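> From the two separate chains plus the hints, produce the assembled complex.
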Amino acid sequence: MTATLDLLIVDSIAGVQEAVAEGGRLLPRGGGTKPATGAPPGAAAMLDLKRLTGILEYEPGEYVFTALAGTPLAEIQAELATHGQYLPFDPPLVEAGATLGGTIAAGLSGSGRQRYGGLRDFLIGARFVDGQGRLVRSGGKVVKNAAGFDLHKLLIGSLGRLAVLVEASFKVFPQPPAYATLRLQPASIEAALALMARLGAAKFDLEAIDIVANDAGNPHLLLRLGGLETTLLARMNAMSEWIGRGEILRGDEEARLWRETREFGWLPNHWQLAKAPVTPEQIPALERWLAARGAATRYISAGNLAWIGWPGGWEELSEGLRTLRLGAVTIVGTPGSLWLGTPGNMAMIARMKQALDPAGHFLDFAA
Amino acid sequence: MVLAATQDDVIQTVRACGRHGVPFVARGSGTSLSGGSLPVADGVVIALSRLNRILSLDPVQRTAVVEPGVINLDVSKAAAPHGLYFAPDPSSQLICTIGGNVAFNSGGAHCLKYGMTANHVLGIRAVLADGEVVQLGGASLEGVGPDLTGLFVGCEGMFGVALEITLRLMPRPELYRTVLAAYHSLEAAGNAVSQVVASGMLPGALEIMDNLAIQAAEAAVHAGYPLDAAGLLIVELEGERIQVEAEFAALIKLIESTGPYEVRVAKDDADRARIWKGRKSAFSAVGRLSPDYIVQDGVVPRSRLGEALATIQRLSGEYGLRVANVFHAGDGNLHPLILYNGRNAGEYDRAEELAAQIMEMCIRLGGSITGEHGVGVEKRRYMPVLFSPVDLEVMAEVRRAMDPDELANRGKVLPAGDAPSLASHQPHPLEKAGIITRE
Ligand SMILES: Cc1cc2nc3c(=O)[nH]c(=O)nc-3n(C[C@H](O)[C@H](O)[C@H](O)COP(=O)(O)OP(=O)(O)OC[C@H]3O[C@@H](n4cnc5c(N)ncnc54)[C@H](O)[C@@H]3O)c2cc1C
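First to last, the sequence lines map onto chains A and B.
For the first sequence, the working numbering gives the first residue as 1, with consecutive numbering after it.
For the second sequence, the working numbering gives the first residue as 1, with consecutive numbering after it.
Everything labelled a hint here was simulated from the structure, so no lab data went into it.
Please read these numbers as outputs of a predicted model, since none were measured by experiment.
Careful, some of the hints might be misleading.
What the hints assert, rightly or not - Below, computed lysine-lysine pairings styled on DSBU-like, alpha-carbon distance capped at 35 Å:
| hint | chain 1 | residue 1 | chain 2 | residue 2 |
| --- | --- | --- | --- | --- |
| 1 | A | K203 | B | K253 |
| 2 | B | K277 | A | K203 |
| 3 | B | K113 | B | K267 |
Next comes chain B alone, as it looks inside the complex (with noise of 0.2 Å):
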């Protein structure tokens, strides 16, 4: 393990790696929820987290130049006195470093308006994994050239190590309107967004949490959520004031016109800040009910919605094994907790087995096997099924362009790969010390 004081440590300690076949693994926060950042056998781990200086932040140009250990939310709180934010918002974004995000094209609440972490990244210097430093993109929001920049985020750390990341920061939005809707069953909820979706309004945030979701985030939190709702439909919309406010009084007429039974606005910035404290705290609040469980993090078309969750449900009963669901509809990027408790005999195959039929649904439906967690060791088997050969081989070469030796993150990712499996399906030990919490 090698702690990182510096760019320059990191860059010698990636040759030296490459003079002696040594694999490494870069790691930021390690709450990476799919493998990531495990360690591989006899290589080493170079730790990113001291490297968290935030170089430079340009108000006008509305960027912020950073090293990669610099957590996530600290972009925001550098960038607030001059009215702008960081806008991938992780619900792991107290602890977690930009240097992951990048790695895994890391995701939020309010992607689908926003993008994900590859929208916000302009420019990356790196060291690729033979050694070489260069530098990809820039501080334009355009650029000349294939868009390595892209290519970069979400390799999963198997190109190299970003050592320096220019960020475009945005303002943030004079107002935010929160409604609440509640449903007598998930479907409806599920439907009411197809229906906002195709009113042509544009929500910052389209979430949805089940009956098992609901009940233990308000054991947890006191949202004020109504308990007896099968599913509750939470959506945001913000910008100008003017607009929002007369987009808000016909977003308020459709979700009537969905059938809920109850609609409750949030009145101020305090009833705001509960309604999304329950929302974020809803992930770890089900983990809690259950010793173990297994998170998925598959994505459907979004018009699949209701029938997605419909296919979990049965899954779920004829499984015998609960299913909570809390996730990002706006985007169709599923969550579904699978709880069982692995001291009872044979139950762990049969959620494996459960949450194996679910993945295979998303991509029976035209989605993917991962939104936002990235593939890891966790979902490498699954790439098979999502790409074939031909696309696997071409990615692997890609790849090899800039790690010929095969050493960054040894194998994650690409099917062949022999990294251990992951195997914890517990909460995040950084859950369990209830340092962070997860959407």
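This is chain A alone, in the form it adopts within the complex (with noise of 0.2 Å):
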């Protein structure tokens, strides 16, 4: 066979199996919101999931629901909140079309994981088809449970290189009925960091904990509470009270503010965008490389992520990554380059390809 077939749709669990054992190099693809995950031209076939889609169970009295890969997470998140109910890792690109399986491949939580947790923390079993095209199940449908090896988590972030991701089981949590958020402009990305650290040891049970680097000047520090409306102002009024200064946003402005963050609607076209795990101590540093390059940098979840939008070729950002020892990987932007610097343990991720995809069905972790 020399033709290479470049979509394949497919429609259920068993076309998932049948496509991986025609024995194709494969990329399963979602939504394709973040197109710089995909394959470079040529080198796989799409495997377009986009109709293995609907939710499959939804309890809402067991904060559990359990969904085909393809649904897109605005449906899922529309079907939760009629039950009052959220994604509390608040996973970004929903209204551009992500889906369910593509967000847990990319490994992607936003910055509303600062309160209970990422992606991770709410995964609790899935099923995928391997390199073998054998159909596999690791975790449950319960909130609790120790039974077996969680391979789950080896599929969370694995891009679509070690297996194709067909369902997903999630818990879910009751979402606060109201937000607000405190904006402050400290002097410098040293000073808003010395601010974060001051509230990790206070009292505030907070949604969020970002900093958007270069906002015009002074970077910006936003906190966001969430809870009881009858409570929320006078939380907010004790947080302002305690940092001793900010100005509060509340309703839609406060909700545009989140949707654009979520969205990356901050992120100017033609730009490309990369995640990059950071921990507080190594965002000065970082940041100082960035600004000098124009970039656009968001620091979330306590300054545990940094979303990095970037005007230039990842080649410039990789070897900046890489002498700051930093990994990323590639959200939005040209494919070809799915890690940047120096990422995590590649050996180690070897060892799991060779386990599950043996033959190499599915794109390689370099490509």
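Okay, here's the thing in structure tokens:
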């Protein structure tokens, strides 16, 4: 067979198994909202999962749902919202059309992860098709479970290179009925980090702690509270008094701010976007390097993740991150440079690849 | 038995085992309830209790890097001056190790809101069973690439030995508010849980005890529980003071609508401590009512709790054996204790059969065979009921990717295993000695 099919559309789990059994090189795709994680032209056929869609089970009283991998996050969120629940890890690109499977495979959580944890803390089970076309299940559909190895954890951040995720179960929580945000403008990134450090030991249950680095001069520190409408203002006032200043945002303006964050509305057209895990102490050096090159960066979850908006090519960013001993995964932009800088443990990842996809039916992590 | 004094001792031992094809079992404090830390035949036990240093604690990043032999509660003690604590709180936390918690993905009373051990482990340095030393994850809450740390947690020691663990610490809540509600039926208490959960509140703890457990706990520690309750519910909220006070008022109203015959609110810290002491000692206290018992750890969907409890009560009657229930209702994690006397002919077999029925009920209701105690050797034979042959085959392959000769904890978890089966149906030796109690 010489002709390569470049698009395979499947609408069932059996269809995924057949496609894998066919033997060509595949890369699963959901909503296509994270193009940089895709395949360079000609490297693999796209396995389009958008029709593998639907919420299979949802018991609000259980705080658990199970859905097929191609289900749009927007559909899931709408369904959860009718019962006052939400995805506490606050995944990005919901309105852009991100799917559940793509979000897991890219390993993406958003600003709201600050309160209860990230995607890895809420994924409780999954089914996937491995490189030999076998349908495998791990975890379960209950919020607490210690049976068997948690293979589904391997799929978080696996970028479609280990297996095709076909179904996932998540724990969810009741959503805070109201939100408010305190916006501060510290004099420098160091000052923002110092404020954040003070907050670390304070008693505020924050939904989000974001630093917007390069917003026309001073950085912004955004502190989001959520909870009962009746007490929210009092809590907010207590916090702003404790900090000593700040502007309180509520209602539409507040919602818009976080929507823009979630959808990367702040990313200029044609810029690229990468995700870099960091710690607060790494931020000053990273920010100096990035600011000098005109990048726009947001540090979320109390300085644990940098969303790097990048105007140039991947190579320069990768080089810079390498000298800073940081790693990143590319999200929006040109495919072909999946990981930048010094990413995770490549030898271990190679072992996992060997176990789940020995024949290389899915793309290599290098591609 | 190797009593390791340094990380290098562990690495060298694992490598020596690899060279000679000798199986090994890592051991923390040996409190596993599923036989996880039982030695294997002709194997080496690598004792980690002396690797007990907290290597660093960063109050700003809110992380601690610890060796595997560090005792769970010691992490919270070290973090306390910074207003922080380590959230996973198995009732064995006075004595079990972080290495054991990591291996078993251990839980506690606060898992619904805060998750299990896996949610609080960011990085692991480990020696894999084939001798390679690897770093998984790191100090950040986020990562790039497959979540290898998440995979390692809960591996029950079958991938290798954790040498250094980076833990996430959490800020201590400003305020706790605790309420007890007594019901005339266990099912009513179970249904109240569903209503609390449906209300949109997210309690830190939601626990239930049945009458047998109440009686035993009361006799042991005088917690002040209503003695005639058929079901006792404990609910605790925590967080910012202003928010918790408001939610607590709503909670009390809601609980009053679920038909309790008595509602009691903890007046102060001492009162709250008493309530929890009763709850935490209930397990051991019930154990003392009987010469032998079997404890289980099954999970059912929360909405099926009432049904599960009714089934257990019916089975208890049918088999003529007392069953006490003390459990984490918030996450559907049951801990039925089946009481029996091994000296009465046939009673042990009946207890085993009853245990198997409860296990199968959990699977049938869509739950799991274990919420936090792990599979070990004890629940190995139920794995094929929960997972397909392919699932188990792939688990074995992933394990062999790190342990090609199957030396680490050989014979456990996976059903084909041949490690001797656990047959201890009495209080853990440490409980008998009065050193620990359990939930
Ligand atoms: C009274 C009592 C109450 C309990 N309550 C709870 C509870 O509320 N919640 C709960 O979840 N559990 C509970 N347990 C179970 C038990 O305490 C936990 O499973 C605990 O995590 C085991 O820790 P340990 O140090 O004793 O480990 P061990 O029993 O020594 O070892 C457990 C397993 O971990 C492996 N292991 C140990 N160290 C390492 C390492 N460094 N690297 C790799 N593998 C390793 C061992 O090989 C073994 O398979 C209770 C037990 C008792 C006796």
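> Each hint: holds or not?
Hints versus structure:
With a C-alpha separation of about 26 Å, the suggested pair K203(A) and K253(B) falls inside the 35 Å cut-off, and the hint holds. Between K277(B) and K203(A), the direct Cα distance comes to roughly 26 Å. Compliance with the 35 Å bound is thereby established for this hinted pair. Using a Cα cut-off of 35 Å, the hinted pair K113(B) and K267(B) holds, with the two alpha carbons roughly 24 Å apart.
Every hint, counting from the list given before, is met by this structure.
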